[in-house]
Amino acid sequence: MSEDQMYSLSVNGKVHEVRDSWVGESLLYVLRERLGLPGAKGACEQGECGSCTVMLDGAAVCSCLVLAASAVGSDIVTVEGLSPDGQLTDVQESFIQHGAVQCGFCTPGLIVAIHNLLDENPRPTELQVKEAISGNICRCTGYGRIFAAVQDVIETRGA
Amino acid sequence: MSVYTPQTIDDAVGFLLAHPDAMLLSGGTDFMVEVNFNHRKPSQVVSTKAIDELRQWKIDRTTNTVFIGAGVTYSTIENSKISEVARALAEAARTVGSPQIRAAGTLGGNLGTCSPAGDTLPVLAALDATIHIASPTGRRDQVFTDFMVGPKKNSLRTGELVVGVSLPIVDSWQGYAKVGVRNAMVISIASACLVRNRADDSVKVALGSVGPTIIRAYEAETWWQSQPNTPNTAEMFNDFGSRCATESRPITDHRSTADYRRHAIKVLCARLAARSATP
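Protein chains in written order, with the working numbering: chain A, 59 to 217; chain B, 34 to 312.
Just so you know, these hints were derived from the structure itself, not from any lab. Ideal placement from N, C-alpha and C gives every residue a C-beta, glycine not left out. One or more hints might be untrue.
A few chain B residues facing chain A, derived, Cβ under 7 Å [unchecked claim]:
#1 68
#2 69
#3 80
Beyond 12 Å from chain A on every Cβ pair, some chain B residues (computed) [claimed, not checked]:
#4 50
#5 67
#6 95
#7 161
#8 173
#9 189
#10 267
Among chain A residues calculated to face chain B with C-beta under 8 Å, some are [as the list claims (entries may be wrong)]:
#11 73
#12 104
#13 119
#14 120
#15 127
#16 190
Isolated chain B (complex conformation) (with noise of 0.2 Å):
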């Protein structure tokens, strides 16, 4: 095994295109573990450490977006002016591990490892994020839920990383909420993203946890803009909150029941509803 570390995007798309095998390594939180009980063990690792591109954060008024670079850690996006404009971002990343994982884990990480767990990934999906791309043949943009095509399974191609993502910043309530077995270092069981435009008071949800890639309810989306009036009581959050359970595809596996997955969605949503109803 041996380290590269290119100081530029394109020196590390070159490499990449020269060695297929290499992994990329951003914050390491996940890569070390399996590195370090030997469910991995690569000949060739890329770290991006040095890239100074992939560190950076811009918020743009002019465009209403906000682009993240792929080597931004969780507690920059928790602690920085990104979380004032990607609320529901913000929330995610904070619930991500511990101080410590938060310091070292990465946007970029969360998508190159592309677990349907990855806390990240359900904000990413409700906000239709773009992933931006560096390529052997230039850059290329990507909506999220294009980019997420498996469990731990992404469309990057050989020779490819990810530079960072773009968020519209819209004016809307958001926010984020997961199940697991206790409240810090915690490896979601369930959980999702609620976006609720204040436009057109329309939704746009995504769940965590509960398919082999992040799953948007299109369906229960549709409901919510399909009702006469705004919904505005506890029984029509629940309706909800059912809806969008309808449209989880859990596994039962060594966290959870996929039934137990299945009413946890249904409780979150339910739950997130209700607060971007309370002022």
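Extracted from the complex, chain A is given alone in its bound form (with noise of 0.2 Å):
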């Protein structure tokens, strides 16, 4: 792929043509800049914050991280992809419920990430829960009311 082609990313299960981008950029930018699809955030660019978290073929992962172009041909869900259009997520109205969002920067990799753990495993301990999102820094909340929201919903998925 050349600097001047053109690329198709499977972005929440439609097809997303890539025009006029530079190779080099990443799936994050791509996402927000080219696509509009600014629900996963862009901070420290190095995949130490986990706001950029999306879902790739399955796994949580930093989308500043990986090569927008290198995934093509791979299934991309963002936190906009979660759910029908207008509509939320259990694992976001827990958040709403309990408060455990305050400036919500990184609330959306938060979401992302929490539901990738729940598929994989829907009765985490409150360890694994921690370790789930330990990619995920929150400046705001002190994590109390994350996990308030997070151990929420899985009592009532299980119930």
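Hints in hand, dock the two standalone chains.
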């Protein structure tokens, strides 16, 4: 794939054409600036903060560390694709109820990471929850309300 | 910059030979940081994503080895049966970055970057891992200690790529330990892998982040073997740790000081030795 070539990415079940981009752009940049999907947030650009977390072929990864042009053929799901337009997932609802959002910048990444955890392990222990979001940095909440929100989802889904 | 995505190893080798400046891309967790910060602006990238052979791994009970393809992720090493036969490698993989990093980063990427802080590398050194390399003239094998030649330098030549790694499955206690500024998301300041063979109670110990390459503490290994009684007291474990520290060659840099690193090696190796003696 060379400098001026167009390529397509499958995001949230739809094929998106990426035009006029530099081939070194990260998936995060392409999602936000080329495809109009600003849910994933950009902060550290080096995989430290997790605010850009998306699902790539079923695994939660940092989209800032994915070369967009190398994600051709992969199945990408962003926070926008977790539920139909205009609706919230149970994890998002629980975040609101428990006040797990303050500035909100880390929230989309956390939501994706938590959905990924609960898809793989519906009844995680507290330690497993902590480990699953160890790559998502939140500087506001102190995490207490985030854990409460996740615990509520675990119990509600298990009921 | 352009991206080429070969389907086979031969195709990748041919392309790398024709484009000596091309950068190999595996999980992207090192490469993209450099691109994002404009530290690297490669003109040609070869993505290994479509090469199925690189993602294979296999436990072979007849030869007692485990083969791990270069494209196998830390997450797979941590969560698959690889963790049962290569305990220290799984422990090392689990200390890498975050779940997001471990889902993307690969063993081959760790070897390609070849940083002295690479978490899997002390394990490969302690187990005398064989690195399988595809080259324009066919396949060649190299032991890890010959493969890594300096900080972020390996012995790969133009047109070559790492296909995978073979580790012996040994009846042993093995463990990995590292020190960083906190528990999660940390690049090691000092790290160590200890493999204690049950058959003859020999040990192999390798040190990370404390030299230009991973360092095998051969003299400490020999000392362990020469003891009339197997080391089994805190005093002896500490002695072993001190001997390992003597063989480290740390520098002071933005991450830590040479003195602290040497001290950390002493503590880590003493703790690993103590852990190896705990049933």
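Comparing the hints with the structure gives:
no.: 1; hint: 68; in the structure: holds, 5 Å
no.: 2; hint: 69; in the structure: holds, 4 Å
no.: 3; hint: 80; in the structure: holds, 4 Å
no.: 4; hint: 50; in the structure: holds, 19 Å
no.: 5; hint: 67; in the structure: violated, 9 Å
no.: 6; hint: 95; in the structure: holds, 33 Å
no.: 7; hint: 161; in the structure: holds, 31 Å
no.: 8; hint: 173; in the structure: holds, 27 Å
no.: 9; hint: 189; in the structure: holds, 20 Å
no.: 10; hint: 267; in the structure: holds, 29 Å
no.: 11; hint: 73; in the structure: violated, 18 Å
no.: 12; hint: 104; in the structure: holds, 4 Å
no.: 13; hint: 119; in the structure: holds, 5 Å
no.: 14; hint: 120; in the structure: holds, 5 Å
no.: 15; hint: 127; in the structure: holds, 5 Å
no.: 16; hint: 190; in the structure: holds, 6 Å
In terms of the numbered hints stated before, the structure departs from hints 5, 11, listed from lowest to highest.
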